[in-house]
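Novice: Kindly produce the complete structure, drawing on both the sequences and the hints.
There are 2 protein chains.
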Amino acid sequence: MSDSGFASLPQPPYYAVIFSSRRRDGDHGYAETAQRMEQLVAQQPGFLGVESTRDASGFGITVAYFDSEAAIAGWRNHAEHAAARERGRNQWYDHYELRIARVERAYGGPRTDQASLHA
Amino acid sequence: MSDSGFASLPQPPYYAVIFSSRRRDGDHGYAETAQRMEQLVAQQPGFLGVESTRDASGFGITVAYFDSEAAIAGWRNHAEHAAARERGRNQWYDHYELRIARVERAYGGPRTDQASLHA
Numbered sequence: 001m002s003d004s005g006f007a008s009l010p011q012p013p014y015y016a017v018i019f020s021s022r023r024r025d026g027d028h029g030y031a032e033t034a035q036r037m038e039q040l041v042a043q044q045p046g047f048l049g050v051e052s053t054r055d056a057s058g059f060g061i062t063v064a065y066f067d068s069e070a071a072i073a074g075w076r077n078h079a080e081h082a083a084a085r086e087r088g089r090n091q092w093y094d095h096y097e098l099r100i101a102r103v104e105r106a107y108g109g110p111r112t113d114q115a116s117l118h119a
Numbered sequence: 001m002s003d004s005g006f007a008s009l010p011q012p013p014y015y016a017v018i019f020s021s022r023r024r025d026g027d028h029g030y031a032e033t034a035q036r037m038e039q040l041v042a043q044q045p046g047f048l049g050v051e052s053t054r055d056a057s058g059f060g061i062t063v064a065y066f067d068s069e070a071a072i073a074g075w076r077n078h079a080e081h082a083a084a085r086e087r088g089r090n091q092w093y094d095h096y097e098l099r100i101a102r103v104e105r106a107y108g109g110p111r112t113d114q115a116s117l118h119a
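Read top to bottom, the protein sequences are chains S and X. The opening position of the first sequence corresponds to residue 1 in my numbering, with each subsequent residue numbered one higher. The opening position of the second sequence corresponds to residue 1 in my numbering, with each subsequent residue numbered one higher.
Check before you lean on any hint, since a few could be wrong.
[As the list claims (entries may be wrong)] So the derived list for chain X, only partly shown, Cβ under 8 Å to chain S, looks like this:
| # | residue |
| --- | --- |
| 1 | I18 |
| 2 | F19 |
| 3 | G49 |
| 4 | V50 |
| 5 | E51 |
| 6 | R54 |
| 7 | D55 |
| 8 | H95 |
| 9 | I100 |
| 10 | R105 |
| 11 | A106 |
| 12 | Y107 |
[Claimed, not checked] Which stretches of chain S does chain X cover? Using the computed rule of at least three CB atoms under 8 Å from a CB of chain X, they are:
| # | segment |
| --- | --- |
| 13 | 11-19 |
| 14 | 95-104 |
[Said to hold, decoys possible] Some, not all, of what chain S presents toward chain X, calculated at C-beta under 7 Å:
| # | residue |
| --- | --- |
| 15 | R54 |
| 16 | D55 |
| 17 | F59 |
| 18 | V63 |
| 19 | Y107 |
| 20 | G108 |
In case anyone wonders, no lab produced these hints; they're calculated from the structure. All residues carry an ideal CB built from backbone N, CA and C; glycine is no exception.
Specialist: Written out as structure tokens, the structure is:
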């Protein structure tokens, strides 16, 4: 993830893993694992980028982008990621929803040169 | 949007509009317009649900779900929504990215009956 929060992605088509979640109270090792997963996913073949945010109430959305369904499967089958997901189900999340989507079109704005005036 | 933050969606396939954005400082009418857009989009034919979150740094992700590309086009062409987007470009956002995707698969967890114990 860049400092700005935005992922730099190629032209579509590519794939999105949309993960929305509500955290339980308390860290229970979450922050450390989340940081580790961010490092690991960036090393996955076919990984394109990720955007993530969570509000003060504990509701968050992370969207990870991959170049193919095979890349998503590779990340899903990563042993350390599988262990983290198990902890997520048991310790960290009240509830989550995971949606796999094929990105067809993408647009950005305002122009980056405008945005930089306000950065 | 439900109180929990999660959208209740049908089985895929359906479409997702993934909007990530970084806010500028100051409200400038943003909160009122955001609330109005949430009411308006819920009345759109083909609208399925929306999930939205923004962190303390001003980076947010909103994912709106629709049953078809035609429904997305209908919302894009709504005059009041178009006016709000223009204000967004000029007043509210340093930068945003918009990605249109077709959701192929979806999963949820932990089980709702478990989640309710922690609600």
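Novice: Give a verdict on every hint.
Specialist: Evaluated hints:
Hint on I18(X) holds. Least Cβ distance to chain S is approximately 6 Å, under the 8 Å limit. Restraint check, F19(X) versus chain S: the minimum CB separation of about 10 Å is more than 8 Å; hint violated. Checking G49(X) against chain S by beta carbon gives a least distance of about 10 Å; that is not within 8 Å, so the hint is violated. About 11 Å separates the beta-carbon of V50(X) from the nearest beta-carbon of chain S, more than 8 Å, and the hint is not met.
At its closest, the beta carbon of E51(X) sits 5 Å from a beta carbon of chain S; the interface hint therefore holds under the 8 Å criterion. At about 6 Å, the closest approach between the beta carbon of R54(X) and any beta carbon in chain S falls short of 8 Å, and the interface hint on this residue holds. Taken as an interface hint, D55(X) checks out: its beta carbon lies about 5 Å from the nearest beta carbon of chain S, inside 8 Å. Interface hint at H95(X): satisfied, since its Cβ lies 4 Å from the closest Cβ of chain S, which is below the 8 Å cut-off.
Below 8 Å, beta-carbon pairs count as interface contacts, and I100(X) has one with chain S at about 5 Å; its hint therefore holds. The restraint placing R105(X) at the interface with chain S holds, with a minimum CB-CB distance near 5 Å, inside the 8 Å limit. At its closest, the beta carbon of A106(X) sits 5 Å from a beta carbon of chain S; the interface hint therefore holds under the 8 Å criterion. Among the interface hints, the one on Y107(X) holds; its C-beta lies about 5 Å from the nearest C-beta in chain S, closer than the 8 Å criterion.
Coverage of the segment 11-19 of chain S by chain X holds in this model, with 3 residues showing a Cβ closer than 8 Å to a Cβ of that chain against a need of three. Beta-carbon proximity to chain X at under 8 Å applies to 10 residues in the segment 95-104 of chain S; the threshold of 3 is reached and the given coverage holds. Because the beta carbon of R54(S) sits about 6 Å from the nearest beta carbon in chain X, less than 7 Å, this interface hint is met. Annotation: D55(S) was flagged as interfacial toward chain X, and the flag holds, the nearest CB pair being 4 Å apart, inside 7 Å.
Of the supplied interface hints, the one on F59(S) holds, with its beta-carbon coming within about 4 Å of a beta-carbon of chain X, less than 7 Å. The beta carbon of V63(S) is positioned within 7 Å of a beta carbon in chain X (closest approach about 6 Å), and the interface hint is therefore held. A hinted interface residue such as Y107(S) counts as satisfied when its beta carbon comes closer than 7 Å to some beta carbon of chain X; here the least separation is about 5 Å, so the hint holds. Interface restraint check: G108(S) against chain X, minimum CB-CB distance 5 Å, threshold 7 Å, status holds.
The structure fails to meet hints 2, 3 and 4 from the earlier list, while all remaining hints are met.
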